[in-house]
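S.K.: So you can see what is in the structure, the chains are spelled out below.
There are 2 protein chains.
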Amino acid sequence: MKRSIQDTQIVFIGSGNLATNLAKVLYRRGFRIMQVYSRTEIHARQLADAVEAEWTDSLDSVSLSGEIYFVSLTDTAFVQLVPKLVKGREDKLFIHTAGSIPLDVWKGQANRYGVVYPMQTFSKQVEVDFSQIPIFIEANNTEDHDLMKGIAQILSQKVYDATSEQRKILHLAAVFTCNFSNHMYALAAELLNKYDLPFDVMLPLIDETARKVHQLAPSLTQTGPAARNDEEVMNAHIQMLQKEPSLQELYKLISRSIHNLK
Amino acid sequence: MKRSIQDTQIVFIGSGNLATNLAKVLYRRGFRIMQVYSRTEIHARQLADAVEAEWTDSLDSVSLSGEIYFVSLTDTAFVQLVPKLVKGREDKLFIHTAGSIPLDVWKGQANRYGVVYPMQTFSKQVEVDFSQIPIFIEANNTEDHDLMKGIAQILSQKVYDATSEQRKILHLAAVFTCNFSNHMYALAAELLNKYDLPFDVMLPLIDETARKVHQLAPSLTQTGPAARNDEEVMNAHIQMLQKEPSLQELYKLISRSIHNLK
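Respectively, the protein sequence lines represent chains R and V. The opening position of the first sequence corresponds to residue 62 in this note's numbering, with each subsequent residue numbered one higher. The opening position of the second sequence corresponds to residue 62 in this note's numbering, with each subsequent residue numbered one higher.
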């Protein structure tokens, strides 16, 4: 029987939000995860259990017989662990998953390496539809690039090539789009909570704000007091935030930024 | 034949985003819009045509025979126009639609008045599903309160009572939730555009960020470098925004705010 792409032996280094979601979708699509490493035993165990893999919390016990090592670590941990990880595995394929880390981080360390960056917000407790997630691919050689693209295309309909430079911009844009938007929701939730008002009433507004930018560029869907330069409303809001200086500062700065972008 | 609630004679004062969407949904649900006033002729005409109403750009020509006057104006225009509008119509029902304006703005001017605040982001060119929009009601008398509630319940399944104080907080929270989130999308779009990257790739991320907060509180769905205190990534981003001082300042302030809320 011909060996399928799913037979590739995969090891996961890291068990955070992204690693958890990526390992699970690979598993569901028929890939075999051999082993999960995390320096925190419970995290290694939880992910390993979910994808029927071995687990270890010791870097020395990471399998030498994997074919692909997916490395999903914070930037700091990444730089510290790479030399130890590559040692004895010089001809394996190393793939990191971070938007912010350039391909070259592997240069002079490993021989075969690449990046598979699924651009999405991942939480361990929330399942996502991977088929709609844009995945950006980069590799240091054509053969591995094609292997990685093949794997990514089993997971998602939206697989693109991106250079490290492009990925860096995409990641920064994603921080604004996702992390900062979510924080705006969180600040609203905090404010409502102070006045015993439920956050749920905001959901139709959140959905519509997201839906609109499928039809029109976000600069064209901008509404609200800053967009129409309604100074009386803005001043009243700034007044209301008198006892919340950091919220007040954010309100002023973002309103000015909206006004400047018009 | 019994007179139905839809036979109420309605006049619209203002033809902006909210007025346009509200007048259209009333029209679609069988209400009769008599007349639309806007100081800009073309705006008055466009909305009037869409809802088969008369139009005028002169306050002196606003009909005296309306039963309900929906007033959707910017705060500044509102205060200027109210006395002239009420004169000769002292016993009509006046309803404003702004989250930010208290009920009392009518006090001493009109005898019967209220607020119908549909909390949503409205654009003239985007149709919305009104049935899911939370509508907040307040009135200075029970009879008109019930009439307004009856009308609102024909438009939406989510009609609530709210005091002026509560509505003010809801409106401020909506500015964070919607206007500020949308601006985060707009800043991302601008950044991507500078590097010839398409904004479309952000849509799955935007959708997922909105979807997640249906399941978990936004403070629990917060991801990204600031949430995990990944200083290397944050410093790299700040570095990348060196030539965009206002973006850089926003990045720092919002990241700090995320960190403080954790």
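The hints are simulated quantities; they were obtained by calculation from the structure and are not laboratory data. Treat the hints with caution; some may be incorrect.
Simulated crosslink set (DSSO-like; lysine-lysine; CA at most 27 Å straight-line) [claimed, not checked]:
{"id": "1", "chain 1": "R", "residue 1": "K219", "chain 2": "V", "residue 2": "K255"}
{"id": "2", "chain 1": "R", "residue 1": "K85", "chain 2": "R", "residue 2": "K255"}
{"id": "3", "chain 1": "R", "residue 1": "K219", "chain 2": "R", "residue 2": "K255"}
{"id": "4", "chain 1": "R", "residue 1": "K219", "chain 2": "R", "residue 2": "K185"}
{"id": "5", "chain 1": "R", "residue 1": "K229", "chain 2": "V", "residue 2": "K145"}
{"id": "6", "chain 1": "V", "residue 1": "K145", "chain 2": "R", "residue 2": "K323"}
{"id": "7", "chain 1": "R", "residue 1": "K323", "chain 2": "V", "residue 2": "K153"}
{"id": "8", "chain 1": "R", "residue 1": "K210", "chain 2": "R", "residue 2": "K255"}
{"id": "9", "chain 1": "V", "residue 1": "K323", "chain 2": "R", "residue 2": "K255"}
{"id": "10", "chain 1": "V", "residue 1": "K145", "chain 2": "R", "residue 2": "K255"}
{"id": "11", "chain 1": "V", "residue 1": "K229", "chain 2": "R", "residue 2": "K323"}
{"id": "12", "chain 1": "R", "residue 1": "K323", "chain 2": "R", "residue 2": "K313"}
{"id": "13", "chain 1": "R", "residue 1": "K313", "chain 2": "V", "residue 2": "K304"}
{"id": "14", "chain 1": "R", "residue 1": "K229", "chain 2": "V", "residue 2": "K210"}
{"id": "15", "chain 1": "R", "residue 1": "K323", "chain 2": "V", "residue 2": "K323"}
{"id": "16", "chain 1": "R", "residue 1": "K304", "chain 2": "V", "residue 2": "K323"}
{"id": "17", "chain 1": "R", "residue 1": "K185", "chain 2": "V", "residue 2": "K323"}
{"id": "18", "chain 1": "V", "residue 1": "K229", "chain 2": "V", "residue 2": "K255"}
{"id": "19", "chain 1": "R", "residue 1": "K255", "chain 2": "V", "residue 2": "K313"}
{"id": "20", "chain 1": "R", "residue 1": "K255", "chain 2": "V", "residue 2": "K85"}
{"id": "21", "chain 1": "R", "residue 1": "K313", "chain 2": "V", "residue 2": "K255"}
{"id": "22", "chain 1": "R", "residue 1": "K313", "chain 2": "R", "residue 2": "K255"}
{"id": "23", "chain 1": "V", "residue 1": "K185", "chain 2": "V", "residue 2": "K85"}
{"id": "24", "chain 1": "V", "residue 1": "K313", "chain 2": "V", "residue 2": "K323"}
{"id": "25", "chain 1": "R", "residue 1": "K229", "chain 2": "V", "residue 2": "K85"}
{"id": "26", "chain 1": "V", "residue 1": "K153", "chain 2": "R", "residue 2": "K313"}
{"id": "27", "chain 1": "V", "residue 1": "K148", "chain 2": "V", "residue 2": "K210"}
{"id": "28", "chain 1": "V", "residue 1": "K153", "chain 2": "V", "residue 2": "K210"}
{"id": "29", "chain 1": "V", "residue 1": "K229", "chain 2": "R", "residue 2": "K304"}
{"id": "30", "chain 1": "V", "residue 1": "K210", "chain 2": "R", "residue 2": "K304"}
{"id": "31", "chain 1": "R", "residue 1": "K313", "chain 2": "V", "residue 2": "K229"}
{"id": "32", "chain 1": "V", "residue 1": "K229", "chain 2": "V", "residue 2": "K145"}
{"id": "33", "chain 1": "V", "residue 1": "K313", "chain 2": "R", "residue 2": "K313"}
{"id": "34", "chain 1": "R", "residue 1": "K63", "chain 2": "R", "residue 2": "K210"}
{"id": "35", "chain 1": "V", "residue 1": "K255", "chain 2": "V", "residue 2": "K323"}
{"id": "36", "chain 1": "V", "residue 1": "K185", "chain 2": "V", "residue 2": "K219"}
{"id": "37", "chain 1": "V", "residue 1": "K85", "chain 2": "V", "residue 2": "K153"}
{"id": "38", "chain 1": "R", "residue 1": "K323", "chain 2": "V", "residue 2": "K255"}
{"id": "39", "chain 1": "R", "residue 1": "K229", "chain 2": "V", "residue 2": "K185"}
Keep in mind it's a predicted model, so treat the numbers as computed, not measured.
S.K.: Work down the list of hints and note, for each, if the structure agrees.
M.R.: For each hint, the structure was consulted:
For the hint pairing K219 of chain R with K255 of chain V, the CA-to-CA distance comes to about 22 Å; that is within 27 Å, so the pair holds. As the CA atoms of K85 of chain R and K255 of chain R are separated by approximately 38 Å, the hinted pair breaks the 27 Å bound. Of the supplied pair hints, the one linking K219 of chain R and K255 of chain R is violated, its CA atoms being roughly 42 Å apart against a limit of 27 Å. In summary, the hint linking K219 of chain R to K185 of chain R is supported, as the alpha carbons are separated by about 22 Å, within the 27 Å threshold.
Simply put, K229 of chain R and K145 of chain V have alpha-carbon atoms about 57 Å apart, too far for the 27 Å limit, and the pair is violated. A hinted pair counts as satisfied when its Cα atoms are at most 27 Å apart, and K145 of chain V with K323 of chain R does not qualify at roughly 33 Å. About 39 Å separates the Cα atoms of K323 of chain R and K153 of chain V, which puts this hinted pair outside 27 Å; it is violated. With a C-alpha separation of about 48 Å, the suggested pair K210 of chain R and K255 of chain R falls outside the 27 Å cut-off, and the hint is violated.
Straight-line distance between C-alpha atoms of K323 of chain V and K255 of chain R comes to about 17 Å, which keeps the hinted pair within the 27 Å bound. For the given pair, K145 of chain V sits about 39 Å from K255 of chain R by alpha-carbon distance, which is inconsistent with the 27 Å threshold. A threshold of 27 Å between alpha carbons decides the hint, and for K229 of chain V with K323 of chain R the separation of about 25 Å falls inside it, so the pair holds. With a CA separation close to 16 Å, the supplied pair K323 of chain R and K313 of chain R stays within the 27 Å bound.
Of the supplied pair hints, the one linking K313 of chain R and K304 of chain V holds, its CA atoms being roughly 21 Å apart against a limit of 27 Å. Restraint check for K229 of chain R and K210 of chain V: not satisfied, since their Cα atoms lie roughly 51 Å apart, outside the 27 Å limit. At roughly 32 Å between alpha-carbon atoms, K323 of chain R and K323 of chain V are farther apart than 27 Å, so this suggested pair is violated. With a C-alpha separation of about 20 Å, the suggested pairing of K304 of chain R with K323 of chain V holds against the 27 Å cut-off.
For the hint linking K185 of chain R to K323 of chain V, the alpha-carbon distance of about 17 Å falls within 27 Å, and the restraint holds. With a C-alpha separation of about 38 Å, the suggested pair K229 of chain V and K255 of chain V falls outside the 27 Å cut-off, and the hint is violated. The hinted pair formed by K255 of chain R and K313 of chain V meets the criterion: a straight-line CA distance of about 25 Å does not exceed 27 Å. In summary, the hint linking K255 of chain R to K85 of chain V is not supported, as the alpha carbons are separated by about 35 Å, beyond the 27 Å threshold.
For the suggested pair K313 of chain R and K255 of chain V, the alpha carbons sit about 25 Å apart, so the restraint of at most 27 Å is met. A threshold of 27 Å between alpha carbons decides the hint, and for K313 of chain R with K255 of chain R the separation of about 21 Å falls inside it, so the pair holds. Restraint check for K185 of chain V and K85 of chain V: satisfied, since their Cα atoms lie roughly 10 Å apart, inside the 27 Å limit. For a cut-off of 27 Å, the pair hint linking K313 of chain V to K323 of chain V stands: about 16 Å separates their Cα positions.
Of the supplied pair hints, the one linking K229 of chain R and K85 of chain V is violated, its CA atoms being roughly 44 Å apart against a limit of 27 Å. Of the supplied pair hints, the one linking K153 of chain V and K313 of chain R is violated, its CA atoms being roughly 39 Å apart against a limit of 27 Å. Taking the CA atoms of K148 of chain V and K210 of chain V, the gap is near 26 Å; set against the 27 Å cutoff, the hint holds. For a cut-off of 27 Å, the pair hint linking K153 of chain V to K210 of chain V stands: about 17 Å separates their Cα positions.
For the hint linking K229 of chain V to K304 of chain R, the alpha-carbon distance of about 16 Å falls within 27 Å, and the restraint holds. Restraint check: the Cα-Cα separation between K210 of chain V and K304 of chain R comes to about 35 Å, which exceeds 27 Å; the hinted pair is violated. For the hint pairing K313 of chain R with K229 of chain V, the CA-to-CA distance comes to about 18 Å; that is within 27 Å, so the pair holds. At roughly 26 Å between alpha-carbon atoms, K229 of chain V and K145 of chain V fall within 27 Å of each other, so this suggested pair holds.
Between K313 of chain V and K313 of chain R the alpha-carbon distance is near 15 Å, which keeps this suggested pair within the 27 Å criterion. Distance restraint check for K63 of chain R and K210 of chain R: the Cα-Cα separation of roughly 20 Å lies within the 27 Å cut-off, and the hinted pair is therefore satisfied. At most 27 Å may separate the alpha-carbon atoms for a hinted pair to count; K255 of chain V and K323 of chain V exceed this at roughly 32 Å. Taking the CA atoms of K185 of chain V and K219 of chain V, the gap is near 22 Å; set against the 27 Å cutoff, the hint holds.
With a C-alpha separation of about 22 Å, the suggested pair K85 of chain V and K153 of chain V falls inside the 27 Å cut-off, and the hint holds. Proposed proximity of K323 of chain R and K255 of chain V is supported: the alpha carbons are some 17 Å apart, at most 27 Å. Taking the CA atoms of K229 of chain R and K185 of chain V, the gap is near 36 Å; set against the 27 Å cutoff, the hint is violated.
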